[in-house]
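Asks: Protein sequences appear in the order of chains A, B and C.
The opening residue of the first sequence carries number 1 in the working numbering; numbering runs sequentially from there.
The opening residue of the second sequence carries number 1001 in the working numbering; numbering runs sequentially from there.
The opening residue of the third sequence carries number 2001 in the working numbering; numbering runs sequentially from there.
I should point out that these hints are in silico values taken from the structure, not numbers from a laboratory.
Computed from a predicted model, the values in this text were never measured in an experiment.
Where hints are given, some of them may not hold.
No more than 20 Å apart at the CA atoms, straight line, and that leaves these computed lysine-lysine pairs for PhoX-like [to be verified]:
id, chain 1, residue 1, chain 2, residue 2
1, C, Lys2009, A, Lys225
2, A, Lys102, A, Lys237
3, B, Lys1121, B, Lys1090
4, A, Lys163, C, Lys2081
5, B, Lys1121, B, Lys1297
6, A, Lys101, A, Lys225
This is what each chain is made of:
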Amino acid sequence: MDFSLGSFADLFAHAFSLWWIIIPAIFVGIIAGAVPGFAAHNTIIILLPLTLAFNVEVALTFMVALYCASHLGGGIPAILVNIPGTGGAAATTLDGYQMTKKGLAVRALAVSFVASVLGGLISSLITLVALPALSQVGYYVHSVEMVVIMLFGLALIASIAAKDMLKGLIAGVLGLLLGAMGADHIYATPRGTFGILELFDGIPLVPALIGLFAVSEALVMLEEKSIVEGGTANVGKVTWGETFHEIFGAFRHWWNITWTSILGLLIGVLPGAGASIAAFVAYQQTQFFSKHPERFGTGIPEGVSAPESANNGVTTGTLVPLLAIGVPGGSTAAVMMIVLQFHGVPFGPRLFVEQPQLAYGVIVSMAVSYILMIFTIFPMVKYMSRITVISTLYLAPFICAFTLVGAFVPRGFLFDIGIALAFGVLGFVARKTGYHVAAILIGVILGPLIEKSFLLAMRISGNDPMVMFSSTIGNILWVMLVATLVLPYVFKWRRERRAGLEHDRLVESEG
Amino acid sequence: MSSRFRVSRRQFLASSAAGAAALTLPGRAAFAQSFPDHNINITIPTGEGGGADRDVRLITQIWKKYLNTDFEFGYYPGAAGQVGYEFFMKREPDGYNLLFANMGPEVIMLTLQNVGIQLGKDLVYINQTSSEPMSVFVGKRSKFQSLQELVDEGKKRAITCSVSRLPHPASIGMLALGEATGANFNLVPFGGGNPSAMAAITGEVDCCALPFANPITLGSEVRILGVFSDKNPAPDQSGDAPTVNSVFGTKLPELTSSRGFAVQAAAMEKFPDRIETIKKTCAQVLADPDYVEAVQKAGLPKEFIDPGDQQKAMSTAEATRELAEKYRALLTGK
Amino acid sequence: MTEATNRKKAIGADLIIPLAGAAYAVYYVWSVRDFPIEAQMSGMILAGMLLFLVLLYLVRIGVGLAAGRYGMGLGDFLGPKETRVSRGLFFVLVLASVYAIGHFGFTLTTFGFLALSFVVLGIRPVGRAILVAAIAALVGWLFFVVLLGTRFPMGPFEQLMQAVF
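Please build the complete structure, drawing on both the sequences and the hints.
Replies: See the structure below:
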């Protein structure tokens, strides 16, 4: 696997020469990411006949550019209309849409794009130099550790629910129970499905996401003329100067972007984990380490940068098991494997021995895709934010028309449009009565994943519950998890106590 | 830079135009023959990127030579294949809808789960395209060098073995091995070939049992300990792994999984000529040297190509059904 | 202001999710009653947790009702009165479009749904509503069906276009 600096320079130069395939892939990827139902792997499957017609290197470059761009695209509707384009962008809605409602859509988009591009770039460069080390992560993180990592994501329900803990927990547990619908992981017997075949494989994520966020948002937004609080008068025309000011300003969050992208990369490397887990954990951890955790959820830039850089950090991570070991870590990587096989290209360690320029070339293409996104996407911030001035009378029908049909895309069942509608009604009721839709979605996404890892760990141990505390890494993660849950309350209590003492002293001195 | 990097922008535009045409104008190339005059739909009861997906794409790539049509793929994983099978039965029985079956695990699923689809009466496997034996393997860092060592350890403690799912020939193989040798195997279903293999490679479990092609494509990352058949069909690509029966002198049945196409029985009744065309042209594909080359290019041994007619496919299915009945209690937890 | 704050908080609609959730939890437990323990475990735990939380919530509501802080009305659940009819009709159109898409395909359904929704919601002149709907449906068809080759539900329009080109 020895590769000199000169070879890397060659690879970069070569990847840049493929700009003519990267740029169209970026645009298709952004649209695919932004429209719920498409996402990267669906779009790549849809375009597979085209991809298989290319030579293997062009095909891989096209796929990785599309993949990266789709992760960036998912955040756009999350910010502008409170609809995450992909599960990975669900956490982005929490602060992104709040910023839009305050008339700060340009800033939110700028932060999201800078975080995505910088996060993706950082993680692909780290992968390039540390691929062998990264491929080792999977050797130490097994089902037990996965359970705890996903519990970090689940802990987000608690912080989302801070306003009304009981309602938040009801929403989260309901999501988890809905996520437990479908065939069980061991015996494949369908549970809680009302005998409906379309639900045997569990609640399909995309229709649930479309319903909870898009349909319900469309129904709620019609109650006002504009999605911006106080009307569109608050959204003035944005100049180029202001646009670039916001973009440069977003680089202030470089430290948060760096560490959350590394977190995303590490989670992405784990088989079975994905962008949504990474984004939830990154958001939750950023809030934990923040000096002002109470402002999360009210529309602050860190709430956008953390999930966006993490879900773009995942992109390179998911390729690591495929490249280093030969086993795809996620659905997009599995489709890429088909393309490699179709062209007779070996994968796994043999790829590095036989065609190192292709193996490293994939990662370099990712880095270059992110660099090219700077020039293609950043200027669009200025125009995209104008969506928020469109009247809800137009927006709501558009959202329903183009997202409901998106529910049909992943599986091709008309029934899934019905699921989206049912979740739309659930989401509407939830929004109107103070149950957080994000809490329900976190449950639906993480529920089946946690259950699977938990059952695997239990079965491996011969059903000994103590297996959950049997590994060093797992135990360290448990301690961190407990700290994450308990410390914010301790800090809050101390702050309040100090403030109380301060108050008493002031009263005394005044007295 | 290598010669692979030679697609020009012009070529790209030409190929994308051709690709777009292929995508948007399916079935436009009308041929003299009446069947097929539009696309053929293939239902795959497992996820995209799995072994069935890989195989069916290799077959259809060559099939276009003999059947002038395009193929559309639909993936319906869920409940060990039940979802895909039930949806397939709802499709029009007109010969334009085929199911690409992973017969071993799916016959077991049909036997153990109350699916209500009867083989022969409702659904017919019309041919067999490939078959491969089940195998047991460990990650390259594992301490187990041989099957004997694994079984010896299994007599002292439960050996964890990742499998794709419980209703699977590989699971039956491990249960049968345990029964014959007195070793204790704890089967852990990871829900797919890729995650199962990964669990063995990373050492989360002691070993993994999957169809033979899986460890072969993983190359030096794994060590194949044994094969559940009378003869190792690909000794060169598997480090000359022994057969399980040769190691222990046991008489375990051959445990294979065959892939092949299925149609609804109603389609056979209504459109026998169409099904005949499917069978005949598919047999031509399997005998085509280009197909053999494509299989080898994908890293699979050509010995796995195992053409068979309807009778052979159905008798393989019947043998699997009997095995599933035998191990019903262990596989269903009831 | 004082009158508004003094009014009882309407919590009738707040009960929909807990009660629907509790009903599903009971059904879930019933549906797994004969299954092996591994298939039952997580569902049983979650259903138990949900039922417990709902019980706590009901106690909270009960106490609030007894103290006169809560009322059983729907409150702001259905949004501003003046737009209720148009929003209700819009929801009916959403339901109708879900039913229609299997019969009329993506393009025609999208056009019809958008045009009618715009009109119902009050976009005038009607000609503009129809024009915007037509452009949106055609752009959607061009991008998703023609360019990407997405398998959206097919209808007369898609079939006609396929036959023509």
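Asks: Would you mind marking each hint as holding or not holding in the structure?
Replies: The hints, checked one at a time:
| no. | hint | result |
| --- | --- | --- |
| 1 | C:Lys2009 / A:Lys225 | violated (26 Å) |
| 2 | A:Lys102 / A:Lys237 | holds (15 Å) |
| 3 | B:Lys1121 / B:Lys1090 | holds (15 Å) |
| 4 | A:Lys163 / C:Lys2081 | violated (28 Å) |
| 5 | B:Lys1121 / B:Lys1297 | violated (38 Å) |
| 6 | A:Lys101 / A:Lys225 | holds (13 Å) |
Checked against the numbered hints given earlier, this structure breaks hints 1, 4, 5; the rest are met.
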